[in-house]
Structure formats: C-alpha cells, structure tokens
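> Sequence:
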Amino acid sequence: MTTKARPLFDAAILKRAILDAMVKLDPRYMVRNPVMFMVEVGAALTLYLFVAALLGKGEAPAGFTLAISLWLWFTVLFANFAEAMAEGRGKAQAETLRKTRRDVNARQLSAPRRDAKSQMVPASQLRKGHVILVEAGEFIPGDGEVIEGVASVDESAITGESAPVIRESGGDRSAVTGGTRVLSDWLIVRITADPGESFLDRMISMVEGAKRQKTPNEIALSILLAALTIIFLMVCVTLLPFSIYSANASGLGRPVSVTVLVALLVCLAPTTIGGLLSAIGIAGMDRLIQANVIAMSGRAVEAAGDVDVLLLDKTGTITLGNRQATEFIPAGNVAVEALADAAQLASLADETPEGRSIVILAKEKHGLRGRDVRALGATFVPFTAQTRMSGVNLDHREIRKGAAEAIQCYVRAKGGEFPESVQRQVQEISRQGGTPLVVADGAKVLGVIRLKDIVKGGIKERFAELRTMGIRTVMVTGDNPLTAAAIAAEAGVDDFLAEATPEAKLELIRKYQAGGRLVAMTGDGTNDAPALAQADVAVAMNTGTQAAKEAGNMVDLDSSPTKLIQIVEIGKQLLMTRGALTTFSISNDIAKYFAVIPAAFAATYPALGALNIMRLATPASAILSAVIFNALIIIALIPLALRGVRYRAVPAAQLLRRNILIYGLGGLIVPFIGIKIIDLLLVAMHLT
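Counting from 94, one number per residue, gives the positions in the sequence shown under the numbering used here.
These aren't lab readings, by the way, just hints derived from the structure by calculation. Keep in mind the model is a prediction, meaning the values are calculated, not measured. Warning: the hint list may mix true and false statements.
[Said to hold, decoys possible] Pairs of lysine to any residue residues, derived as SDA-like cross-links and limited to a Cα-Cα distance of at most 25 Å, are as follows: (1) K537 <-> R560; (2) K549 <-> A710; (3) K549 <-> P257.
[As the list claims (entries may be wrong)] Simulated restraints on C-beta separations: (4) R517 <-> H489: 22 to 32 Å; (5) A313 <-> T594: 36 to 46 Å; (6) I755 <-> A313: 38 to 48 Å; (7) D588 <-> A506: 36 to 46 Å; (8) T445 <-> A506: 19 to 29 Å; (9) A313 <-> L112: 29 to 39 Å; (10) A746 <-> Q606: 18 to 28 Å; (11) K108 <-> A607: 44 to 54 Å; (12) K108 <-> P309: 30 to 40 Å.
Ideal Cβ placement from N, Cα and C applies to all residues, glycine included.
Modelling step: build the complete structure from the supplied sequences, incorporating the hints.
Now the structure itself:
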C-alpha cells in the first residue's frame with residue numbers, strides 16, 4: 094500500500110464527494126447527525142413556505158424565503174461534502190488495496206512437510222488450519238504463519254516498501270500476509286484466517302470511512318451538540334407565541350416570521366462543528382493510514398491522543414538495533430594488535446551484526462584485512478546457548494570469544510587464570526552500559542571487546558518533547574539493570590524496566606493503569622501478546638506473530654518500533670483539531686447572535702435596533718448574511734478539518750491558552766467581518 098499523501102482536493106475524490114453529498118441528503122442518513130438533520134428539516138420547511146408565498150399565502154416575501162431556503166440546503170450539502178471528502182480519501186486507498194487481491198491457486202499439503210502429497214486448489218477454498226507450500230515466484234494466497242522454511246518476501250503490495258523482507262519459521266518474523274510474493278526459496282504456511290477475515294479484508298474495512306464507528310468521545314460530543322440543538326429549538330418555538338402576543342398587545346410591531354425563526358435556530362445551533370465533526374474523525378484515521386498504520390478501531394486513535402505513558406523497546410526503538418564493537422581492551426601483558434587479530438579470526442565466520450562489527454573494527458583501527466577461514470584451514474565453532482561463546486580452531490590454537498563467565502570457566506578448565514584486571518574491565522564496561530566480550534587463546538585471556546548499543550541520533554530530543562507534553566517514557570529491555578540504567582541515562586528516558594519478562598511488562602502496565610494513566614506499547618512476539626492486550630494503545634508489528642497482531646489494536650505495516658511516537662502525535666493532532674474547531678464553532682455562534690437576534694426581532698421590538706452594532710443595512714439583509722456566512726464557514730474549514738491543526742509538542746495548559754486565543758478569539762472576530770462583507774455585497778447587488 095502506497096503511503097503517499099493525496100492532495101486535499103484530488104479531482105477524482107472531489108467529483109465523487111459532490112455526488113455522495115447529494116446522496117447523503119436522504120433523511121434516513123441525515124438523522125444520524127441531529128444537528129444537520131435539524132438544518133435539513135428547516136431547509137424543507139422554508140422551501141414549503143416559499144411555495145406558500147408564491148401562492149399568496151406566505152408570511153414573508155417569496156424572494157427572501159427562497160434565499161434562506163437555498164442557503165440552508167447549501168449548509169447541509171457543505172456538511173455532507175466535508176464528510177464525503179474525508180471518506181473519499183479512505184475509499185480511494187481501499188480501492189488501491191482491493192487491486193492487490195489476486196485470484197491465485199494454492200498448493201495445499203496433506204501434511205506440514207515439503208514432500209507431503211499436494212493438490213492445487215483456489216485460494217478462496219482455503220480455510221483456517223490448512224497447510225500450503227509457496228515457492229519462489231508465487232504469491233502467498235492468504236494470511237498465515239510460517240511453520241517451515243525461510244524465504245525472501247516482497248511485501249510492497251501491502252507496505253509500499255520495495256525492499257524484500259525475510260520470513261522464517263519460529264521467532265517473531267513468521268507471519269505472512271495474503272497478496273505478498275515469495276522471491277526466493279520456499280515456505281510452508283499454515284493459514285490463520287478464513288476468506289473475508291484476512292488482514293487485507295480488515296484493512297479495507299478500516300480505511301473505508303463509511304464503515305468507521307464513532308468513538309466514545311465523538312459520541313459524547315454528538316450528544317452534547319444534539320442537546321444544545323434541542324434547547325435552541327425549544328427557545329425558538331416558544332419565541333413565536335411571545336412575539337405574536339407582544340405585537341398584538343403593543344399594536345406597534347409585527348410578529349416574527351417562521352422563516353426568520355428557522356434562520357435564527359440554524360445560526361444559534363452549533364452547525365459548524367456539527368457539520369465537520371465526522372470529517373475530523375475520518376481524516377484523523379486517514380492520517381494514520383498515510384503513516385502506514387492500520388487502526389482496528391477509532392477508539393485506539395483517540396486513546397493515542399490521551400496517552401501519557403509510552404513503553405518502548407530498547408532495541409530498534411531507542412538504539413539502532415545491533416550492538417557494535419567500539420574498542421579492544423587488552424589484558425596487561427598482551428599487545429592490542431594481538432587481541433584485535435584473535436578477535437577478528439574468531440569473528441570471520443560470525444554472521445551476526447556484532448561479529449561483523451568486530452571484523453570491521455579490527456580492519457579500521459589496526460589495518461587487519463579480512464581473511465577466509467576455510468582457506469586458512471580453520472574450523473569455526475558456532476555460538477550456542479549452552480556454551481555462550483563462539484570461536485575458531487586454527488593451527489592448534491583454540492580462540493574463543495564470549496560472555497565473561499563462560500570464558501572464565503573455559504580458561505580455568507584449560508588450567509589458566511582469569512586476570513583481575515580483565516574482571517575489572519568487564520565490570521566497568523557493564524556499568525557504563527556496554528556489553529563486554531572476553532577473548533581467550535586456549536588457557537590465556539587476551540582481553541575484552543567493548544560492544545555498545547548505539548543510541549539513535551535525535552531520540553533524546555524527541556523524549557524531551559514528549560516530556561513537555563506530560564508523557565512519561567519507559568524503556569523496556571532484557572539487559573541487566575546496570576546496562577539498562579546507562580542506556581536509559583544516555584537516551585533521556587524517564588524510567589526503565591530491566592530484565593523484562595512478559596509477566597513484568599504486564600505488571601508494569603497494570604500498575605500505571607491503576608494510577609489512572611493511559612499506556613501505549615509496541616510488540617512483535619507471542620510473548621508480547623499479554624502486554625499488548627492490556628495496553629490502551631497496542632501497536633503490533635506487521636512482521637510479528639499472529640498472536641501479537643490479534644492482541645494489538647493497531648498494526649504498523651512498516652514494522653518500525655519508533656512509529657509509536659508518531660502514532661501518539663497523530664492521536665493528539667486529532668484531539669487538537671476537534672477541540673480547536675469546537676472552540677471556533679462556539680465562539681462563532683456567539684458572534685452571530687449580535688447579527689441575527691436584533692434583526693429577527695426588530696419588527697416586534699423596535700428598540701432592539703440599538704443592538705445592531707454591525708450596522709447591517711436591513712433586518713432582512715442581516716439575517717440572510719448570517720445564514721450565508723453560516724454555510725460558507727463550513728466549506729472554508731474543510732481543509733483544516735482534513736489536514737488537521739498543526740501539531741505542537743507543548744504542555745496541555747499552554748495548548749489550551751493557544752486554542753482559546755487563536756480559535757476562540759478568531760471565532761468571535763471572523764463572523765463580524767464575514768457577515769458585514771456579505772451584507773455590503775447583498776446591498777450592492779440589490780438582493781435585499
């Protein structure tokens with residue numbers, strides 16, 4: 094799936110949105126948004142009053158009533174257009190995803206072995222638990238878990254990334270997605286989803302705005318807006334008999350017309366935020382999709398904006414992911430060149446990132462070029478969990494490198510001694526957050542290699558930004574407490590959890606949640622599933638296990654552990670946008686009162702003309718100007734609703750002051766200017 098951001102007003106989406114805005118006029122759809130449904134009812138009522146005026150039975154001039162009716166219809170259409178534009182961007186992405194579907198045949202196996210009996214079946218017939226074989230050049234027909242084999246897989250159809258990835262049985266990179274293609278070797282895959290329940294199906298469902306469920310926060314705000322609308326409706330309904338009574342009692346004024354009362358209701362009700370609320374939510378999820386993250390619910394996106402604790406894995410998130418050799422420290426009577434030479438020999442056949450970094454360091458610091466272990470007649474001794482060391486046997490030499498305890502036991506078994514100076518170096522490296530590897534040649538200890546986790550550039554500044562927002566960062570690592578403390582200090586996190594186990598992660602999350610905190614974390618392994626299920630925002634890596642993806646409420650298609658920080662920023666931007674536009678809408682309504690109320694009741698209570706502080710030309714032009722402005726402001730705010738308010742990493746109190754100053758004060762000032770300009774134009778064009 095490509096993550097390239099679409100233009101705000103893409104021609105194809107624009108055309109589709111205009112048609113969808115018309116379709117959404119169906120009252121059965123509009124009733125879901127009580128505020129805009131009220132505007133539609135008002136538009137229909139004033140249209141009826143216009144027809145009555147043409148027949149000589151109207152209560153207000155036909156031209157004025159028609160103008161009010163048309164602009165009320167425009168108000169509804171503009172609100173529908175905003176929602177349709179937001180949905181259209183998601184539907185366009187869903188269409189792109191649908192194109193990745195492939196009607197392929199699958200090689201179903203009778204048993205989970207490559208040499209088992211097989212038969213070709215359509216992918217649509219595969220069910221959960223079926224076992225298939227996929228070879229180089231073939232497409233993976235459905236979501237599954239690799240149970241045997243290792244292969245390079247092209248996932249560009251899903252992630253948009255051209256670089257292939259490795260998928261293999263066991264570990265945290267065993268999940269495969271239907272529609273991706275095997276580039277090399279072969280895989281035996283156990284299908285984990287029935288047709289219609291695949292990850293791709295869920296992605297399509299989530300990116301289609303029309304299928305997005307409202308979040309609790311959004312529902313609460315909708316209820317508040319509906320309640321305000323009902324209150325204003327009751328006020329406007331009771332104003333009519335009061336107006337009739339006052340006009341008859343005084344004999345000086347005229348009762349207010351129903352057309353004017355409808356215009357008053359629409360201008361007083363929170364129509365601006367009511368028309369944009371759905372678009373804001375859909376656009377927030379769209380921004381998450383552009384970041385290549387699929388949220389399983391809108392609730393998760395909203396929760397990301399309220400998160401105040403981030404649990405971050407050390408490896409790959411805070412550090413570059415692989416420890417690098419940075420220094421050779423020889424024992425007291427050993428030359429550093431001899432240590433470097435032995436360390437390089439022991440690492441020539443070591444394909445781990447640490448082993449390669451040792452070879453490179455020896456070459457760069459001491460000019461030792463890489464040699465072919467086999468050409469030297471050497472035998473490589475691989476690392477095992479039991480020995481905790483690796484090395485090489487060459488010309489009666491037995492060179493080993495590994496953990497200090499393992500080398501100490503090895504040397505003593507050979508009749509040698511472990512120098513006190515080397516032991517002190519091991520302790521010092523550990524205290525500073527590094528990893529010591531001790532090198533020995535038979536019974537003789539040659540020295541120590543310092544391996545260091547490289548903290549990512551700029552990560553400390555990112556954590557400082559999060560701290561200003563009131564977010565606590567916690568590093569989670571399997572390292573010992575000394576190493577963890579050193580890296581935590583260098584990275585600038587607020588706290589750390591060392592020697593982390595699945596139970597320890599789960600306990601830590603529950604502890605924060607018991608204190609009223611919202612917790613976010615990332616994970617990719619089956620052992621992360623319990624903690625992911627407990628976290629408020631749980632981001633599973635797309636490369637992770639099926640258990641992790643099912644436990645999370647978001648899936649990162651890029652499998653980038655640092656994406657969690659971006660997700661929190663997108664969630665906060667969603668809440669900021671909704672809060673900013675709600676503030677603007679309320680302030681906007683207050684300003685419109687000064688235009689509409691004096692004009693609406695000027696005929697009944699002439700003294701109210703003194704409140705016409707905008708100096709609007711006539712009561713009719715004042716009301717019409719307010720209604721026109723009320724419609725146009727929705728269309729003017731669509732780009733902001735879709736793009737979102739610019740994210741700033743500032744404390745909540747500072748953000749609140751900024752919103753009140755910009756959107757609160759702006760909401761008061763803009764209507765005065767806008768309504769006055771429209772009034773002048775109406776008068777200049779002789780339309781009132």
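> Does each hint hold? Answer for all of them.
We went through each hint and held it up to the structure:
Distance check on the hinted pair: K537 and R560 sit about 49 Å apart at the alpha-carbon level, beyond 25 Å; violated. Proposed proximity of K549 and A710 is contradicted: the alpha carbons are some 64 Å apart, above 25 Å. Straight-line distance between C-alpha atoms of K549 and P257 comes to about 24 Å, which keeps the hinted pair within the 25 Å bound. The given range of 22 to 32 Å is respected by R517 and H489, whose C-beta atoms sit roughly 31 Å from each other.
Between A313 and T594, the C-beta spacing of about 38 Å keeps the proposed range 36 to 46 Å intact. About 24 Å separates the C-beta atoms of I755 and A313, a value inconsistent with the hinted range of 38 to 48 Å. For the pair D588 and A506, the supplied restraint of 36 to 46 Å holds, since their beta-carbon distance comes to about 41 Å. The hint said 19 to 29 Å for the Cβ distance between T445 and A506, and at roughly 25 Å that hint holds.
Hint check: A313 to L112, Cβ distance near 32 Å, so the stated range 29 to 39 Å holds. For the pair A746 and Q606, the beta carbons lie near 24 Å from each other, so the given range of 18 to 28 Å is met. Against the hinted window of 44 to 54 Å, the Cβ-Cβ separation of K108 and A607 comes to about 52 Å, which satisfies the hint. The beta-carbon spacing between K108 and P309, approximately 34 Å, falls within the hinted interval of 30 to 40 Å.
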